[in-house]
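Throw the hints in and build the complete structure from the sequences for me.
Just so you know, the sequence shown maps onto residues 1 to 225 in the working numbering.
Rather than coming from a laboratory, the hints here were simulated on the basis of the structure. Check before you lean on any hint, since a few could be wrong.
[As the list claims (entries may be wrong)] Label pairs and their calculated CB-CB ranges:
#: 1; residue 1: Gly99; residue 2: Lys17; range: 13 to 23 angstroms
#: 2; residue 1: Ser124; residue 2: Phe28; range: 32 to 42 angstroms
#: 3; residue 1: Glu162; residue 2: Glu15; range: 18 to 28 angstroms
#: 4; residue 1: Glu204; residue 2: Ser165; range: 24 to 34 angstroms
#: 5; residue 1: Asn167; residue 2: Leu219; range: 18 to 28 angstroms
This one's a predicted model, so the numbers in the text were calculated from it and none came from an experiment. Even glycine gets a Cβ: it sits at the ideal position worked out from N, Cα and C.
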Amino acid sequence: MFEELSKKLKTKRLEDKKIYLVTDRSSFSSIDEFLDAVAASLKGGVQIVQLREKTASAKEFIELGRKVKEICALYDALFIINDRVDVAHIVGADGVHLGQDDIDINSARHMLGKDAIVGISTHSPEQAGKAMASGADYIGVGPVFETPTKPGRKSVGLEYVEWASENVNIPWFAIGGINTENVSEVINAGASRIAVVRAIINAEKPYVSAKTFAETLNLKKLSSI
Numbered sequence: 001m002f003e004e005l006s007k008k009l010k011t012k013r014l015e016d017k018k019i020y021l022v023t024d025r026s027s028f029s030s031i032d033e034f035l036d037a038v039a040a041s042l043k044g045g046v047q048i049v050q051l052r053e054k055t056a057s058a059k060e061f062i063e064l065g066r067k068v069k070e071i072c073a074l075y076d077a078l079f080i081i082n083d084r085v086d087v088a089h090i091v092g093a094d095g096v097h098l099g100q101d102d103i104d105i106n107s108a109r110h111m112l113g114k115d116a117i118v119g120i121s122t123h124s125p126e127q128a129g130k131a132m133a134s135g136a137d138y139i140g141v142g143p144v145f146e147t148p149t150k151p152g153r154k155s156v157g158l159e160y161v162e163w164a165s166e167n168v169n170i171p172w173f174a175i176g177g178i179n180t181e182n183v184s185e186v187i188n189a190g191a192s193r194i195a196v197v198r199a200i201i202n203a204e205k206p207y208v209s210a211k212t213f214a215e216t217l218n219l220k221k222l223s224s225i
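In structure tokens, the structure reads:
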């Protein structure tokens, strides 16, 4: 009973979240510059931030995580840690995002507690089905287009987005190479939520870019009413 209630509450927290920012700190000259970009993105309409740090030490990851968490709280946004369940636990993140080669969903949930959000990247209908059966709270669907953030990984195209729109019964986010030029294609394929990396965080004006995505998604929502 309690597990079912917890699942419903987490789904409710995710349902109205449409724009998910996955961070990339590589182009920033300082932590402060990066944090300013995160804040601008949230001000523009980002509702979830995933802190992705592939090269930082555990200490650096934790320190940065605490700072990003504080900024997310100012905008009532969800804060997710990429891969590192231990870091997510220490900083008190809302949850963790896993890759296909990371710790399994059940183990992550056991470590973080039943109220934590656990999401996972998927690249095929088979992986999506397994994620749903394993109790994922949300999934990433992609990469829709080729992207330098995932070198060597072939894009899955809009076909997987179309499949997800008809078959996935938990919140899902289209991800991979999505920008302000092609986001309408992704929405038309059935996506109502998107996850974005470079097109927001590395934009000349993250606030403007996030706002453009938000307006595009809102227009689609209004047109479907």
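A quick look at each hint next to the structure:
Roughly 20 angstroms separates the CB atoms of Gly99 and Lys17, a value that falls within the hinted 13 to 23 angstroms. Range check, Ser124 to Phe28: about 33 angstroms between beta-carbon atoms, so the 32 to 42 angstroms window is met. Between Glu162 and Glu15, the C-beta spacing of about 21 angstroms keeps the proposed range 18 to 28 angstroms intact. Take Glu204 and Ser165: their Cβ atoms lie about 32 angstroms apart, and the range 24 to 34 angstroms holds.
Checked against the hint of 18 to 28 angstroms, the C-beta distance between Asn167 and Leu219 comes to roughly 25 angstroms, which is consistent with it.
In summary, the structure agrees with every hint in the numbered list given earlier.
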